[in-house]
Amino acid sequence: MNEHSQKLAKPVTSGLRDCRSDFPALDQEVNGHSLVYLDSAASSQPPSAVISAVAEYQAHDHANVHRGVHTLSHRATEAYEGARDRAQSFINANTRNEIIFTRGTTEAVNLVAQSFSRPTLKPGDRILITHMEHHSNIVPWQQVCEQTGAELVVAPIDGKGQLKTDELIAQLDERVRMLAIAHVSNALGSINPLREIISNARRFDIPVLVDGAQAVPHMPVDVQELDCDFYALSGHKMFGPTGIGILYGKEAKLDAMPPWQGGGDMILEVSFAGTTYNELPYKFEAGTPNISGAIGLGAAIGYLESIGMALIERHESEILAYMMAELDKIDGIRLIGTADKKASVQSFLLDDIHPHDLGTILDHKGVAIRTGHHCAMPVMEHFSIPGTARASLALYNNRDDVDRLTEALLVAKKIFKK
Amino acid sequence: MNEHSQKLAKPVTSGLRDCRSDFPALDQEVNGHSLVYLDSAASSQPPSAVISAVAEYQAHDHANVHRGVHTLSHRATEAYEGARDRAQSFINANTRNEIIFTRGTTEAVNLVAQSFSRPTLKPGDRILITHMEHHSNIVPWQQVCEQTGAELVVAPIDGKGQLKTDELIAQLDERVRMLAIAHVSNALGSINPLREIISNARRFDIPVLVDGAQAVPHMPVDVQELDCDFYALSGHKMFGPTGIGILYGKEAKLDAMPPWQGGGDMILEVSFAGTTYNELPYKFEAGTPNISGAIGLGAAIGYLESIGMALIERHESEILAYMMAELDKIDGIRLIGTADKKASVQSFLLDDIHPHDLGTILDHKGVAIRTGHHCAMPVMEHFSIPGTARASLALYNNRDDVDRLTEALLVAKKIFKK
Amino acid sequence: MTAAAPLQEELRELYRDLILDHARSPRHFGKLDDASNRAEGINPLCGDKLKVYLKIKDDGVISDASFEGSGCAISVASASLLTETVIGLTTDSALSYVDAVLAALAGQQKDPADVQLGKLAALQGVREFPSRVKCATLAWRALNAAIHDDKQPATTE
Amino acid sequence: MTAAAPLQEELRELYRDLILDHARSPRHFGKLDDASNRAEGINPLCGDKLKVYLKIKDDGVISDASFEGSGCAISVASASLLTETVIGLTTDSALSYVDAVLAALAGQQKDPADVQLGKLAALQGVREFPSRVKCATLAWRALNAAIHDDKQPATTE
Ligand SMILES: Cc1ncc(COP(=O)(O)O)c(C=O)c1O
Ligand SMILES: Cc1ncc(COP(=O)(O)O)c(C=O)c1O
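Chains as they are written, first to last, in the numbering used here: chain A, 1 to 418; chain B, 419 to 836; chain C, 837 to 993; chain D, 994 to 1150.
If we strip away everything but chain A, and leave its shape as in the complex, we get:
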C-alpha cells in the first residue's frame, strides 16, 4: 500500500485478494480452466451477500410494497425503502427523495430525456454529448432531438481516447440545454474531468447528466461534490442484481418535472376527471417496483462500503497499470484507450486477429473478455476499427488474472501465426 507497490512482484498489496471467495461465480472451471472473469464492465458478478439477500427476501419477506398493513408488506416496504436510504448515503445525495429506482442507467437517461428535456426543448436548442458515450447516453438524446427539433452536438476525443476538454468547454453556450457525459468511458476507461466541466457548464446554467455506470463500481462518488443535476447508474455493474438502477436528480429539478410513466404508486388520486401525482420519489416509480432488485442493490452497497471505495480504487488502479504494462509487452498488440486518467478498462487489438476470434480462444482458456463495439460504435468509428477486445477489472481481479490473459493471448497468436 505504498508508492513502490507496483514495482514489487505478484502479491497483491491492497489486502483485497481474500474477497474473491465472496463471489461464487469466480469459483468455477470454464473449459477446463479456473475462470478468469475480465468482463465486469459489461456486468459484474454478485457476491454471496447479494445473492442471499435476494433469496432470503424472496423466501421470507416478500409482498407488495407501500399501502400494505400486514407484516410481510411492512417488512418488504422497510427493506425496499431501506435500500433507498443506503443508496442516498452511498452517493451522498442530499435527500432520499433524490433517489429514483429505475431498471438501470439506460432507463434513467430515457427518463431525463423524456421528462426533463422533451417538454422544454425547441429548435435551435442543443444537447451536448461526447464522442465516447455509450449508446444509452446517445440514442435517448437523438430521439428527443428528433421529437423537438433540437440539435445533438458532440465533443471530440483525441487519439488516446481522452476527451478534448477545452473543446468541450468552448462548445458550452446559451444554446446548450443539456450536457450528458460519461463519468468513465466503458470502451476506453477514460475518466472525464467532471468538476472542471460542470463548473464551466454552470456559467450558462446548463443542466448536467452524468452517466456513472462505469464509475460507481470503481471509485468513491459524491454527487453533491460533483454538483451534477442528474447521475445515472446500474446495479448489475456494481455487484447488484440486474433490472435495477438509480437515477439521482437534484430535488428541485425532479420536483419540477412531470411524471414519465403512469400507473400504480405514482399517483395520489385517480379519477376520470383527472389525476393527482404522488410526491418524490414515488412520482417517478410507476407500478410495482423491482423490490428484490433494490434490496439486492442495497446489499451490494453494503458490501462495497464494508471494503471501502477508496481501497477498491487503489487496488484496481494498481492492477490496471500492471495489465496495461503486460499487454504492451506483447508483440503486435495495439492498446485502444490510453488516457492519462483511467479506470478498470483496457481495449486492445492483436495483430489482425478479429476480436471475436480472440474472445473465443481466450474463453477456451477460461478467460472471459468482451469483444465487439461495446455499445460505443462512435468510439470504434473514431479509431476506424469495427471493434476491440476488452478486458475490464473489478475489485475481485488480481495480477494472476492478468497473467492468464496474456498467456491466452500468446496462444491466440500461435494459432493465427502465418
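FYI, nobody ran anything at the bench for these hints, they're computed from the structure.
Cβ atoms here follow ideal geometry from the backbone N, Cα and C, with glycine treated the same way.
Warning: the hint list may mix true and false statements.
[Unchecked claim] No more than 20 Å apart at the CA atoms, straight line, and that leaves these computed lysine to aspartate or glutamate pairs for EDC-like: (1) C:K987 x A:D255; (2) B:K836 x C:D857; (3) D:K1144 x B:E669; (4) A:K418 x D:D1092; (5) A:K413 x D:E1077; (6) A:K418 x D:E1006; (7) A:K413 x D:E1006; (8) B:K831 x C:D894; (9) B:K540 x B:E496; (10) B:K831 x C:E849; (11) A:K418 x D:D1027; (12) B:K831 x C:E846; (13) A:K417 x D:E1003; (14) A:K414 x D:E1002; (15) A:K414 x D:D1014; (16) D:K1044 x B:E687; (17) A:K418 x D:D1010; (18) B:K835 x C:E845; (19) D:K1024 x D:E1077; (20) D:K1144 x B:E697; (21) B:K831 x C:D857; (22) A:K417 x D:D1027; (23) B:K832 x C:E849.
[Stated by the list, open to error] What follows is a list of derived Cβ distance ranges for each label pair: (24) D:D1051 x A:D328: 56 to 64 Å; (25) C:Q944 x B:D503: 27 to 35 Å; (26) D:D1026 x A:K164: 53 to 61 Å; (27) B:K578 x A:S271: 16 to 24 Å.
Based on the hints, put chains B, C and D with the ligands in the right spot on chain A.
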C-alpha cells in the same frame, strides 16, 4: 373434482394441497400464528423453484447477455432467451418476437400508450377503458390523451361489479382507437367476456390491449384465441420475481411501432448521423434487461405448467366459492364484487370498521390481506366507499385459510363491538 | 388460539376504549367556516387524507379547531384527540405537543416535564404496530402545517 | 496447461488451416458490379454484417458471386467458401447447400446423399463453440435472401 365437490366438507379435492410446501414464505409464523397469505393479487409468493433458479443463475451463470462470446455470456443469453421461449408457449404467442420483457404490466401499458398510440392519436379520437381498471391501465391513457387531445371514454359497471358489456359494445365506433380492458379486475375479481368484446371491436378495427395481470396466475390464457393485439402481465403476480413482466403484441403491430426507450441492445447501428434500430423483440428492450428476473419468470412458468393451469383454475374457483359463502355468513359483512364470473379476489367491508383496522387485526392473527383502494379508486368511487378489505387467493390457498380469515374477522367484530 | 392469547392484549392496547370512543364519535368533526388556518395531511402510502382547521386569534391562542376526512380508527381518534387538546393552547404550546406526540410515537423519550401527554398517551399502543404509526401521526403533521400556514399538504413520509 | 491440452484440439478443429487460409485470403471478396441479386446478412447480437452478391442467369445458374463486409475468421471463411461453392450451381442446388450447411452446423444429420459438403465440412468445427455458430451461418442466410431477392436483411436470429 366433480360438481358436488363444493358441498363436501373441508378436504381439498383438487390435489393441490401439497404444493404449499413449495413456497417457503408460507412456512412461517407471523405474530405467533402460522401465516395465512391472502394477498396474492397484490403480489404472489415465489416457489423454491423460482428462488433457486435466480440464485443459481447469479451464483454460476451471470454475465451480460447478447454480444458476448465467452461461456458465461452464452449461458446467460441462452437462459434469458429460453425464458422468452417459455413465455411464448405459455400464452401461446405466434412467435418469440411477440414477447417483450418489461418491468411489469405498468411498463407494458405505458409502452403501448407511448409507442403505439401517441404517434397516431389526434383530437376527436377516443380511448375506451372500463370503470374497473387498475390505475396502471388508466393513467397512461390519461397521459396520452393529454398529449394528443384524444378523449378518454369509460365503459360502466353495475352494482355487482360486472362490466355492462352491452353498453361497452355500444360505445365501440370509428372514433375509438384503442380499447384497453382488464382480463380480471384486481379489486372485484370480475372476469370480463373478452372474446365477445374483442370480436365486436374487430368490426371497427379497434386495437385491443388486455391487462392480464390478474388473469395469468389463475387460468389458462391463449392470446391467439383471445385475438387481442396486446396483452400485458407481471411476473410478481404469477409467482415470479419482481421487476419483470411481459408485453405480448401481435408481430405486425409491434413491427410498425417506433421504439420507445433508446439505448444499448435496441439498436443495430449508431452513428451521430442516425441510428438503425434492431429487430423484434430487441427493438423494445433498451439497455441491459432484467436477466435474472426473466429467468425467474421462466422458472415460474415451468412451475405453473408442471401443475397445469386448468387444475389451478378449478382448485381456486372451488376455494373462492367457499370463501364467498363463508364470508357471507358473517353478520355485518358487505361483499363488494359479486360478478357471476369471478377469479381469486373478494373485497368486503365489515360493519363500519375501517379496512385498515381490519387489516391490522387480521395481521395480528397471522392473516395477511390488503386494505385500501387497491389502485382502483374509480371502483371505490363507484361503490361510494374509500376502500375495501380484500382477500385474494392463489394456487397455494385452501379452505383452512378461509376459516382462519373468518375467525379473525370475528375477533375484529368483538374488538369493535359497541 | 390459546397460545396467542397474550398477544391479543396488544390489540386491546391499540384499540383502547378511549380510541374506539373517539373513532366512533369524533369530536370537532367537520369544516370550520371561520378558520384562519387550515392544512391537509396526506399519507401517500395508504392514501388517507384529512384536513385540520384552526381559528388562531391575534394573541396566538387557538380558539377553535376541527378536522375533516375519512380514515381508520387510529387516524380519526388521533385527530379527534388533537382537536380536544389544542383548543385553548397558544400555537407555541400546540407545536410542543406536536413534538411530544411525534416523539412518543417514534418511541423516543422526551423530557417528561415538557408536555403532559394526558389522554394522548392512549395513542402509544400504536408503537407495537409499526405499519400504523403514520395513521396516528397524520393529523399532527397537518396541525403543524396549519400553524405554519403551509400551502403544500403535509405528508407522513 | 497440460491437463487442458486435449481441449486445445478443439480450437484447432475450429481454426483449421483451410479456415485460416480463407479468412486471410478471402476468395471473391468485393462488390459485384453487375450483380442481379444481392442481400445483406446481419447478426443482430454481435453486429456483424456482410453482403452477398450474385449474378443469376436466365437459366437459373449462378454465374458469379462475391461478398463484402468485415467479420471474424469464421464468418469471412464461411462466406469465402460459400462463393467458391455456389458459382456454377443452379439456384435450386445452391438452396440445397444452404439447407445442408445450416443443418450440419445445427448438428443435425441430413441425408448424406443429398449434398456433398466437401470443403464446407471444415466449418463443422464451430459446433463445439455454440456462441460462434451464428458467425458461420451468416453468409448462408444472406445467400438464401439474395436468391429470394429479399429486401429485408437476413438475420441469424
Ligand atoms: C389488474 C392490474 N393491472 C395492472 C397492475 C399493475 O401491475 P404492476 O404493478 O406489476 O405493474 C396490477 C397490479 O398491481 C393489476 O392488478
Ligand atoms: C457507460 C455506460 N453507460 C450506460 C450503460 C447502460 O447500462 P444498462 O445497460 O445497465 O442500462 C453502460 C453499460 O452497458 C455503460 O457502460
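Taking 20 Å as the top limit, are the C-alpha atoms of D:K1144 and B:E697 close enough? With a Cα-Cα distance of about 15 Å, the restraint between D:K1144 and B:E697 holds, given a limit of 20 Å.
Hint says 16 to 24 Å; check whether the CB-CB distance for B:K578 and A:S271 agrees. For A:S271 against B:K578, whose Cβ atoms are near 22 Å apart, the range 16 to 24 Å holds.
Under the criterion that the straight-line Cα-Cα distance not exceed 20 Å, is the pair A:K413, D:E1077 satisfied? With a Cα-Cα distance of about 28 Å, the restraint between A:K413 and D:E1077 is violated, given a limit of 20 Å.
Quickly compare the C-alpha distance for A:K417 and D:D1027 to 20 Å and report which way the hint goes. violated (36 Å)
Pair hint outcome, D:K1024 versus D:E1077 [Cα-Cα no greater than 20 Å]: holds (15 Å)
Tell me if the straight-line CA distance from B:K831 to C:E846 falls inside 20 Å. Roughly 16 Å separates the two Cα atoms, so the pair holds.
Measure nothing beyond the straight line between the CA atoms of A:K418 and D:D1027; if it is 20 Å or shorter, mark the hint as holding. violated (34 Å)
Taken at face value, is the distance from the CA of D:E1006 to the CA of A:K418 at most 20 Å? Cα-Cα ~17 Å, so holds.
Sort out whether A:D255 lies within 20 Å of C:K987, counting only the CA atoms. Cα-Cα ~16 Å, so holds.
Measure nothing beyond the straight line between the CA atoms of A:K413 and D:E1006; if it is 20 Å or shorter, mark the hint as holding. holds (16 Å)
Would the pair D:K1144 and B:E669 pass a check requiring their Cα atoms to be no farther apart than 20 Å? holds (18 Å)
Is B:K832 within 20 Å of C:E849, Cα to Cα? holds (14 Å)
The structure shown violates the earlier hints numbered 4, 5, 8, 9, 11, 22, 25, 26.
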